[in-house]
Amino acid sequence: MTVALSAPGAEVPGLRHRKRPGVLPGFGLSMGFTMVYLSLLVLLPLAMLPLKSASLGWEGFWRVVSAPQAVYSYQLTFGTALIAAAVNLVFGMVVAWVLVRYQFPGKKILDAMVDLPFALPTAVAGIALTALYAKSGWLGGPLDEWFGLKVAFTPIGIVVAMIFIGIPFVVRTVQPVLEDIEREIEEAAVSLGANRWETLRRVLLPTVVPALLTGFALAFARAVGEYGSIVFIAGNRPMVTQITPLLIMSKLEQFDYVGAAAIATVMLAISFVLLLMINVLQGWQSRRGRRFA
Amino acid sequence: MSATTDRPAHLTEPRWMRGVLLGLALTFLALFLLLPLITVFAEAFKKGWQLYLAAITEPDALSAIRLTLWVAAVSLVVNLIFGVAAAWAIAKFEFRGKQFLITLIDLPFSVSPVVAGLVFVLLFGSQGWLWPYLQDHNLKIVYAVPGVVLATLFVTFPFIARELIPLMQAQGSEEEQAALTLGASGWQIFWRVTLPNIKWGLLYGAILCNARAMGEFGAVSVVSGHVRGLTNTLTLHVEILYGEYQFAASFAVASLLALLALVTLVIKNVVEWRSARPDSVNQPMEAAPGANAAPRPATA
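If you're matching them up, the sequences are chains A and B in order. Residue numbers for the first sequence, in our numbering: 1 to 293. Residue numbers for the second sequence, in our numbering: 1 to 300.
If you're looking for bench data, these hints aren't it; they were derived computationally from the structure. Don't take each hint at face value.
Straight-line Cα separation of at most 20 Å, SDA-like style, residue types lysine to any residue; simulated pairs [stated by the list, open to error]: (1) B:Lys47 - B:Leu31; (2) A:Lys108 - B:Leu262; (3) B:Lys46 - B:Leu35; (4) A:Lys107 - B:Thr4; (5) B:Lys98 - A:Leu43; (6) B:Lys140 - A:Gly283; (7) B:Lys140 - A:Met48; (8) A:Lys135 - A:Met48; (9) B:Lys199 - B:Gln188; (10) B:Lys140 - A:Leu40; (11) B:Lys98 - A:Val65; (12) A:Lys107 - B:Met17; (13) B:Lys140 - B:Leu130; (14) A:Lys108 - B:Leu31; (15) A:Lys135 - A:Phe147; (16) B:Lys199 - B:Leu230.
Note that this is a predicted model, so its numbers are computed, not measured.
Sequences and hints are given; from them, build the entire structure.
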């Protein structure tokens with residue numbers, strides 16, 4: 001034993017600083033492969049964005065990302081994404097409520113259909129929405145004729161496409177929370193004299209608010225980065241319908257790689273912030289869930 | 001159509017209110033989900049069967065189908081290996097920075113597809129850092145098939161891992177430890193104990209990964225260079241036809257992708273039913289960043 005203890009690298013029980021991660025084999029192999037693959041495919045390529053933008057210098061970088069065309073694209077992207085996420089917040093709540101609480105024919109199919117925007121390739125959604133809302137389309141024609149409302153090739157079209165791709169987020173985050181609310185909580189509210197509206201507003205709504213906000217943030221984050229479903233219906237008109245991903249695309253087409261990288265760096269930073277916000281929201285949601293469910 | 005409910009009257013809305021809510025939900029979904037889907041098929045068959053068949057059997061379309069299948073197969077295999085490795089490391093072991101690693105794995109979901117494509121152009125393109133090396137060795141990555149594969153790998157990166165990590169974390173490692181004490185080797189434990197436990201999760205992730213790989217547009221559009229018959233995937237072929245005002249042909253090819261989406265939804269629901277994961281019904285197919293990072297209320 002004394003020999004073993006004094007041997008180099010031998011671990012003295014209780015004095016170990018590095019805990020073994022676990023008893024099962026394969027940690028080195030699986031962890032090593034994960035890290036190498038993650039670094040090569042994701043981290044290294046993403047690091048190219050700030051590195052490439054750095055060649056502009058701070059002032060040059062600022063000039064590119066604060067150019068009027070760029071600023072307009074941020075305003076357009078965030079404005080439309082905000083409206084679309086708000087629409088999804090309201091209707092996603094209604095859809096989730098109906099799917100959880102009511103019985104009606106075709107409910108299972110409807111429930112499955114909610115995931116369609118994830119399964120349908122964005123380019124297909126894009127050309128379908130454009131055909132639907134163009135002047136000759138089923139919806140675009142009447143909307144233009146009756147209300148003078150032009151959807152395709154205007155910011156409204158962008159909102160429509162963003163609503164489409166955002167539908168599943170609010171529904172799928174609110175649905176499980178609604179399912180988990182125990183009937184006893186509502187019984188208690190009613191027995192304490194609350195009417196239906198009061199029960200909804202003061203008991204049910206506070207329970208689903210974190211999930212609603214999480215779904216809203218997820219839909220918003222997705223809409224901000226969306227390209228495929230928007231490019232056709234938006235039509236890429238600078239200072240009119242040019243969202244930020246489209247601006248990056250047109251900079252690339254003009255071989256302005258550094259400019260594209262600079263704008264993309266801004267988008268990446270925004271993605272990070274949204275990611276952090278969503279993590280905070282989900283922490284809140286799971287705490288709230290434990291308290292009420 | 002009326003909305004019935006199994007709840008007593010004092011725990012639900014009045015009848016008219018239920019009708020209004022159901023009507024709102026159905027109108028919204030019909031307008032934003034059903035109508036676009038119907039449009040795809042209506043436009044595809046507008047000019048008749050002959051044109052439809054011609055559009056999906058012409059050489060460029062066939063080569064786009066071949067490339068799409070090939071790219072999807074590659075990304076499926078690579079992501080299966082990565083997903084299992086990442087989930088094994090994260091779910092079966094304790095180490096510092098685990099939560100951070102999970103967040104990093106989710107990262108590609110929150111990156112715009114255009115940005116995902118751009119980074120590979122910056123790395124391998126004609127102004128890229130590796131361009132001189134690639135030139136010397138006569139290699140072409142961007143505006144060639146390898147670029148399309150790389151971009152697809154990037155956007156599908158989290159799919160299988162994020163399905164497996166919460167599943168394997170919930171299952172724990174008692175069974176594997178039992179196998180270990182009985183003398184099983186690492187690979188024996190994986191093939192005979194772990195794999196049977198995660199097969200439905202694996203299949204679920206694979207379906208989602210496949211749908212995204214075949215349907216990816218933005219990232220692939222940036223790196224492919226749109227070389228007809230060579231680097232065109234199905235979605236890019238749709239775009240080209242559309243840009244040439246060949247609408248019927250474009251929608252014909254798009255209808256193939258829409259069929260793929262419908263098949264994906266059917267298989268997804270079958271898997272959810274077979275695997276009997278009560279929480280899986282409510283999982284977004286592709287939630288954005290960190291949807292699984294926090295424990296869900298259902299499991300808390």
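So, going through the hints one by one against the coordinates:
Proximity of Lys47 of chain B to Leu31 of chain B is assessed by CA-CA distance (about 24 Å); at most 20 Å being required, the pair is judged violated. Distance check on the hinted pair: Lys108 of chain A and Leu262 of chain B sit about 14 Å apart at the alpha-carbon level, within 20 Å; holds. A threshold of 20 Å between alpha carbons decides the hint, and for Lys46 of chain B with Leu35 of chain B the separation of about 16 Å falls inside it, so the pair holds. For the given pair, Lys107 of chain A sits about 12 Å from Thr4 of chain B by alpha-carbon distance, which is consistent with the 20 Å threshold.
Between Lys98 of chain B and Leu43 of chain A the CA atoms are separated by roughly 17 Å; this keeps the pair inside 20 Å, and the hint holds. Taking the CA atoms of Lys140 of chain B and Gly283 of chain A, the gap is about 45 Å. The hint is violated against a cut of 20 Å. A hinted pair counts as satisfied when its Cα atoms are at most 20 Å apart, and Lys140 of chain B with Met48 of chain A qualifies at roughly 19 Å. Of the pairs offered as hints, the one joining Lys135 of chain A and Met48 of chain A is violated, with about 42 Å between alpha carbons and a cut-off of 20 Å exceeded.
The suggested pairing of Lys199 of chain B with Gln188 of chain B holds, with an alpha-carbon distance near 16 Å, which does not exceed 20 Å. Distance hint between Lys140 of chain B and Leu40 of chain A is fulfilled; the C-alpha atoms sit about 18 Å from each other, no more than 20 Å. With a CA separation close to 34 Å, the supplied pair Lys98 of chain B and Val65 of chain A exceeds the 20 Å bound. For the suggested pair Lys107 of chain A and Met17 of chain B, the alpha carbons sit about 18 Å apart, so the restraint of at most 20 Å is met.
The hinted pair formed by Lys140 of chain B and Leu130 of chain B meets the criterion: a straight-line CA distance of about 11 Å does not exceed 20 Å. Simply put, Lys108 of chain A and Leu31 of chain B have alpha-carbon atoms about 18 Å apart, close enough for the 20 Å limit, and the pair holds. Between the alpha carbons of Lys135 of chain A and Phe147 of chain A the distance comes to roughly 13 Å, so the proposed pair stays at or under 20 Å and holds. For a cut-off of 20 Å, the pair hint linking Lys199 of chain B to Leu230 of chain B is broken: about 35 Å separates their Cα positions.
Hints 1, 6, 8, 11, 16 from the list above are not met by this structure, while the remaining hints are.
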